[in-house]
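One line per chain: the protein sequences are A and B, in this order.
Following this note's numbering, the numbering of the first sequence begins with 1 at its first residue and continues without gaps.
Following this note's numbering, the numbering of the second sequence begins with 1 at its first residue and continues without gaps.
Since the hints were derived computationally from the structure, they do not count as laboratory data.
Since the model is a prediction, treat every value here as computed from it, not as a measurement.
The beta-carbon is built from N, C-alpha and C at its ideal position, and this holds for glycine as well.
Don't take each hint at face value.
[Stated by the list, open to error] FRET-style restraints, in silico, Cβ to Cβ:
#: 1; chain 1: B; residue 1: E194; chain 2: A; residue 2: Q317; range: 47 to 53 angstroms
#: 2; chain 1: A; residue 1: D492; chain 2: B; residue 2: P87; range: 35 to 41 angstroms
#: 3; chain 1: A; residue 1: K457; chain 2: B; residue 2: M46; range: 53 to 59 angstroms
#: 4; chain 1: A; residue 1: T535; chain 2: B; residue 2: A84; range: 42 to 48 angstroms
#: 5; chain 1: A; residue 1: S5; chain 2: B; residue 2: P87; range: 49 to 55 angstroms
#: 6; chain 1: A; residue 1: G300; chain 2: B; residue 2: D141; range: 46 to 52 angstroms
#: 7; chain 1: B; residue 1: G131; chain 2: A; residue 2: D64; range: 29 to 35 angstroms
#: 8; chain 1: B; residue 1: H218; chain 2: A; residue 2: P306; range: 26 to 32 angstroms
#: 9; chain 1: A; residue 1: H494; chain 2: B; residue 2: P85; range: 54 to 60 angstroms
[Said to hold, decoys possible] Straight-line Cα separation of at most 20 angstroms, EDC-like style, residue types lysine to aspartate or glutamate; simulated pairs:
#: 10; chain 1: A; residue 1: K336; chain 2: B; residue 2: E71
#: 11; chain 1: A; residue 1: K151; chain 2: B; residue 2: D108
#: 12; chain 1: A; residue 1: K326; chain 2: B; residue 2: D141
#: 13; chain 1: A; residue 1: K121; chain 2: A; residue 2: E273
#: 14; chain 1: B; residue 1: K16; chain 2: A; residue 2: D492
#: 15; chain 1: A; residue 1: K336; chain 2: B; residue 2: D82
#: 16; chain 1: B; residue 1: K126; chain 2: A; residue 2: D164
#: 17; chain 1: A; residue 1: K457; chain 2: B; residue 2: D44
#: 18; chain 1: A; residue 1: K151; chain 2: B; residue 2: E105
#: 19; chain 1: B; residue 1: K144; chain 2: A; residue 2: E107
#: 20; chain 1: B; residue 1: K217; chain 2: A; residue 2: E107
#: 21; chain 1: B; residue 1: K112; chain 2: A; residue 2: D154
#: 22; chain 1: B; residue 1: K115; chain 2: A; residue 2: D154
#: 23; chain 1: A; residue 1: K441; chain 2: B; residue 2: D108
#: 24; chain 1: B; residue 1: K126; chain 2: A; residue 2: E332
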Amino acid sequence: MEVFSHDVLLIGGGGAGLRAAIAVVEANPKLTVAVVSKVYPMRSHTVSAEGGSAGVIKPGDSLDEHAYDTISGGDWLCDQDAVEAFVKEAPEELLRLEHWGCPWSREPDGHIAVRAFGGMKKMRTWFAADKTGFHMLHTLFQTTLSYAGIKRYDEWFVTKLLVDDGQVQGVVAIEQMTGRVHAILAKAVILCTGGCGRVFPYTTNAAIKTGDGMGLAYRAGAPLKDMEFIQYHPTGLPFTGILITEATRAEGGWLLNKDGYRYLQDYDLGKPEPKPVLRSMELGPRDRLSQAFVKEMEKGRTVKGPYGDVVHLDLRQLGEKLINTKLPFVRELCLKYENIDPVKELIPVRPVVHYMMGGVHTDIHGATPLAGLYAAGEVACVSINGANRLGSNSLPELLVFGARAGKAAAAFAAEQRDPGKQVLEQAMDENRRLEEQYLHKSGGRERVATLREEMQKTMEAGAGIYRAAGSLTEAQRSLQKIRERTANVMLDDHSLTFNTELIAALEQSFLLDVAEAMVHSALHRTESRGAHQRTDFPDRDDQQFLAHTLVSRNPDGGPRVSHLPVTITRWPPGKRVYGQAAQQTQGR
Amino acid sequence: MAESIQLEVTRYSPEKGAAPSSQTFEVPLRRDWVVLDALNHIKDQMDGTLTYRWSCRMGICGSCGMMVNGEPKLTCATFLHDYAPGPVRVEPLRYFPIVRDLVVEMSDFMRKLRKVKPWIIREEEKPVSQGEYLQTPVELDTYKQYSMCINCMLCYAACPVYGLDPLFIGPAAIALAQRYNLDSRDAGSRERLEIISQHEGIWGCTFVGECTKVCPKHVDPSGAIQQYKLTAAKDWFKSWLMPRGAK
Numbered sequence: 001m002e003v004f005s006h007d008v009l010l011i012g013g014g015g016a017g018l019r020a021a022i023a024v025v026e027a028n029p030k031l032t033v034a035v036v037s038k039v040y041p042m043r044s045h046t047v048s049a050e051g052g053s054a055g056v057i058k059p060g061d062s063l064d065e066h067a068y069d070t071i072s073g074g075d076w077l078c079d080q081d082a083v084e085a086f087v088k089e090a091p092e093e094l095l096r097l098e099h100w101g102c103p104w105s106r107e108p109d110g111h112i113a114v115r116a117f118g119g120m121k122k123m124r125t126w127f128a129a130d131k132t133g134f135h136m137l138h139t140l141f142q143t144t145l146s147y148a149g150i151k152r153y154d155e156w157f158v159t160k161l162l163v164d165d166g167q168v169q170g171v172v173a174i175e176q177m178t179g180r181v182h183a184i185l186a187k188a189v190i191l192c193t194g195g196c197g198r199v200f201p202y203t204t205n206a207a208i209k210t211g212d213g214m215g216l217a218y219r220a221g222a223p224l225k226d227m228e229f230i231q232y233h234p235t236g237l238p239f240t241g242i243l244i245t246e247a248t249r250a251e252g253g254w255l256l257n258k259d260g261y262r263y264l265q266d267y268d269l270g271k272p273e274p275k276p277v278l279r280s281m282e283l284g285p286r287d288r289l290s291q292a293f294v295k296e297m298e299k300g301r302t303v304k305g306p307y308g309d310v311v312h313l314d315l316r317q318l319g320e321k322l323i324n325t326k327l328p329f330v331r332e333l334c335l336k337y338e339n340i341d342p343v344k345e346l347i348p349v350r351p352v353v354h355y356m357m358g359g360v361h362t363d364i365h366g367a368t369p370l371a372g373l374y375a376a377g378e379v380a381c382v383s384i385n386g387a388n389r390l391g392s393n394s395l396p397e398l399l400v401f402g403a404r405a406g407k408a409a410a411a412f413a414a415e416q417r418d419p420g421k422q423v424l425e426q427a428m429d430e431n432r433r434l435e436e437q438y439l440h441k442s443g444g445r446e447r448v449a450t451l452r453e454e455m456q457k458t459m460e461a462g463a464g465i466y467r468a469a470g471s472l473t474e475a476q477r478s479l480q481k482i483r484e485r486t487a488n489v490m491l492d493d494h495s496l497t498f499n500t501e502l503i504a505a506l507e508q509s510f511l512l513d514v515a516e517a518m519v520h521s522a523l524h525r526t527e528s529r530g531a532h533q534r535t536d537f538p539d540r541d542d543q544q545f546l547a548h549t550l551v552s553r554n555p556d557g558g559p560r561v562s563h564l565p566v567t568i569t570r571w572p573p574g575k576r577v578y579g580q581a582a583q584q585t586q587g588r
Numbered sequence: 001m002a003e004s005i006q007l008e009v010t011r012y013s014p015e016k017g018a019a020p021s022s023q024t025f026e027v028p029l030r031r032d033w034v035v036l037d038a039l040n041h042i043k044d045q046m047d048g049t050l051t052y053r054w055s056c057r058m059g060i061c062g063s064c065g066m067m068v069n070g071e072p073k074l075t076c077a078t079f080l081h082d083y084a085p086g087p088v089r090v091e092p093l094r095y096f097p098i099v100r101d102l103v104v105e106m107s108d109f110m111r112k113l114r115k116v117k118p119w120i121i122r123e124e125e126k127p128v129s130q131g132e133y134l135q136t137p138v139e140l141d142t143y144k145q146y147s148m149c150i151n152c153m154l155c156y157a158a159c160p161v162y163g164l165d166p167l168f169i170g171p172a173a174i175a176l177a178q179r180y181n182l183d184s185r186d187a188g189s190r191e192r193l194e195i196i197s198q199h200e201g202i203w204g205c206t207f208v209g210e211c212t213k214v215c216p217k218h219v220d221p222s223g224a225i226q227q228y229k230l231t232a233a234k235d236w237f238k239s240w241l242m243p244r245g246a247k
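Just need the whole structure built from these sequences, with the hints factored in.
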């Protein structure tokens, strides 16, 4: 086993990880920093984000309004100190990316252009056509290439955090190209591994979104927060789960049921107008739109398709020119993957799992309760997203909190001594575990793919858009059975060279940890709030549940739940209103 | 019985010491399946050792490039039924060393990418507090297409010059250099020109344009290379006329 050593280690090379890496070297050029990523950084899932990135920049808008939209959108579960820091720093971060060359779409006079987005009362979403995440990621990645001090371990998969004396001291990772297992020691580790959409069968998330960072943190003793809050995006393509951006609706797209009726008007989301109205109808928040789909399906007003029920997204009224300039990727995706031309035809869509509001519990600086461990981006829960994230808040979040975590980790690392040798024994143990459980194991009869599929079906059935004690308890039982069968996994592949089946088995074990944490947290929260809707407890209960759920791992491996009060600064809990009523409310 | 189609897939494992060979799998032929769905079907249901890269399945992460019936393709955007009744040949990207099965070694490209300095170079940096650098939509359009490269490397697998001379810096890296050269906010074109014209590779490019033809994102690397040739030739001509003052 080879041993490498750095001051600060980033796990994950997406938007948050790359932003954090630059923050570390800029904060303290004396520190050595490295990015470990299971894929080449430009393959990271940030690349798939389409619609945009919110940041107050135009006259007539204000930080308070962005904060209020975010907090009400999150059904008052956001920590308001974190939201205030977020909205203040988002424009600076987006401008920094502009200085680094991000090709933001522009006004005719050369200034940054903004577009409307769901749940936002003002136009404040910066965009690079409809490939915003792609351009942000490539800009960040290419910019990191100019920093000789940022070392990369591309296609290395982290299997374990090394913890000694209550402090994280590095990781164990598999170098996929050779199959060799290495220890990488570090004084601070920042998790930037993104989300976990692959817990569910229909998701916009890429194959790599398997909750690795959440699993790593949880096993090392750091709590997960608000894991019951899973966002369904209302407009994914059936079968593939490919995302059709909210920007389609911001530009004036309509959602129609099987009768061609704009059904959102029946769900307290306002009246249909020919032109888009902010915080209204198709520009309502994602949780409410996804829930309306289920209700519509129950009424028998959705369209039957080969992959279940769908509704229609109608962009025909936008015209070819607008679609080509502002939504070119949407047209390309529809043509290439569904054989549909949105200029002339309706797009079949359904809600698909899109984003994890919950994640590794951190403070406002990205620090977890475990010394030396930080987290930023979708893997983390700060929390600015509360019970429901607004579209176009996740891209600025990964910049703001990537930078914050980078600075905080740099300051922490500068004060630490080199990791002790004790952790190397742990690393050797981990190497033995990988060999015994997977590579050298004979026998077993469970295929990784089968366990994954069964887990996904279980989660869709038991912990989807609507849940209840019955469905969740049933899901808990099924997951327990799947866990027992996991001990009996059989790999076809015992090779060391680029063993993707081994990686899939390790990912599946992280997914299972995440799935259990989700179900456990959802059972515990006996109220409905944002994306967590309990049919047996349909109302929000601020008396008991104006609080975050924390799940920690008991010594016996089982989950333990506790609560943490929500931080309220200036916006006391209120009613979430959209549609006409939203036009009359003030920003406070 | 449902329709099916045969896939002839390259198999290679360095640990076995044998040369790459081909293995045939029979998979269902579904209308909405792409080649990548068929590979996933094989891996999940038939043979867990089949090795390839993939991630987003929506043509933007750039992981799943392979040769399909001899042409470089993103397998997530290549429908099986376009090849019916088959068989469909699936091979690793041409001109790259094979790591295993359909996975190729791409660190050469990663080195070349860094070499062309694909980042904004400016003499002076204004503070972020002073706001954005203005850029009109027309200025944006000047470089926009070159910024669409997803680094999938299909263009390298199509490039006869790269096939003959692996030192050639190659289509995507040159297109990305051009992306920054043409950006109104950048002042680094001189530095990049020196790096790119150092190697004779660009002179070997014969305007065949295979790179542009196979690009799934409609980038025109061939156009970038021709522009480079022109600039480099002018430079050479100038330095010959004015040996001391050309730069």
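So, going through the hints one by one against the coordinates:
1. B:E194 to A:Q317: 47 to 53 angstroms: holds, 52 angstroms
2. A:D492 to B:P87: 35 to 41 angstroms: violated, 23 angstroms
3. A:K457 to B:M46: 53 to 59 angstroms: violated, 21 angstroms
4. A:T535 to B:A84: 42 to 48 angstroms: holds, 46 angstroms
5. A:S5 to B:P87: 49 to 55 angstroms: This hint holds: roughly 50 angstroms between Cβ atoms.
6. A:G300 to B:D141: 46 to 52 angstroms: holds, 48 angstroms
7. B:G131 to A:D64: 29 to 35 angstroms: violated, 21 angstroms
8. B:H218 to A:P306: 26 to 32 angstroms: Given a distance of about 31 angstroms, which is inside 26 to 32 angstroms, the answer is holds.
9. A:H494 to B:P85: 54 to 60 angstroms: violated, 36 angstroms
10. A:K336 to B:E71: Holds. K336 of chain A to E71 of chain B sits at ~18 angstroms (cutoff 20 angstroms).
11. A:K151 to B:D108: Holds. K151 of chain A to D108 of chain B sits at ~17 angstroms (cutoff 20 angstroms).
12. A:K326 to B:D141: With Cα atoms ~13 angstroms apart, K326 of chain A and D141 of chain B stay inside 20 angstroms; holds.
13. A:K121 to A:E273: holds, 16 angstroms
14. B:K16 to A:D492: holds, 15 angstroms
15. A:K336 to B:D82: Roughly 12 angstroms between the alpha carbons, so the hint for K336 of chain A and D82 of chain B holds.
16. B:K126 to A:D164: Answer violated: K126 of chain B to D164 of chain A is near 44 angstroms, above 20 angstroms.
17. A:K457 to B:D44: Given that 20 angstroms is the threshold and the Cα spacing comes to 16 angstroms, the pair holds.
18. A:K151 to B:E105: Distance of about 19 angstroms is within 20 angstroms: holds.
19. B:K144 to A:E107: holds, 15 angstroms
20. B:K217 to A:E107: violated, 24 angstroms
21. B:K112 to A:D154: Judged against 20 angstroms, a Cα distance of about 16 angstroms means the pair holds.
22. B:K115 to A:D154: Judged against 20 angstroms, a Cα distance of about 18 angstroms means the pair holds.
23. A:K441 to B:D108: violated, 35 angstroms
24. B:K126 to A:E332: violated, 37 angstroms
When each numbered hint is compared with the structure, violations occur for hints 2, 3, 7, 9, 16, 20, 23 and 24.
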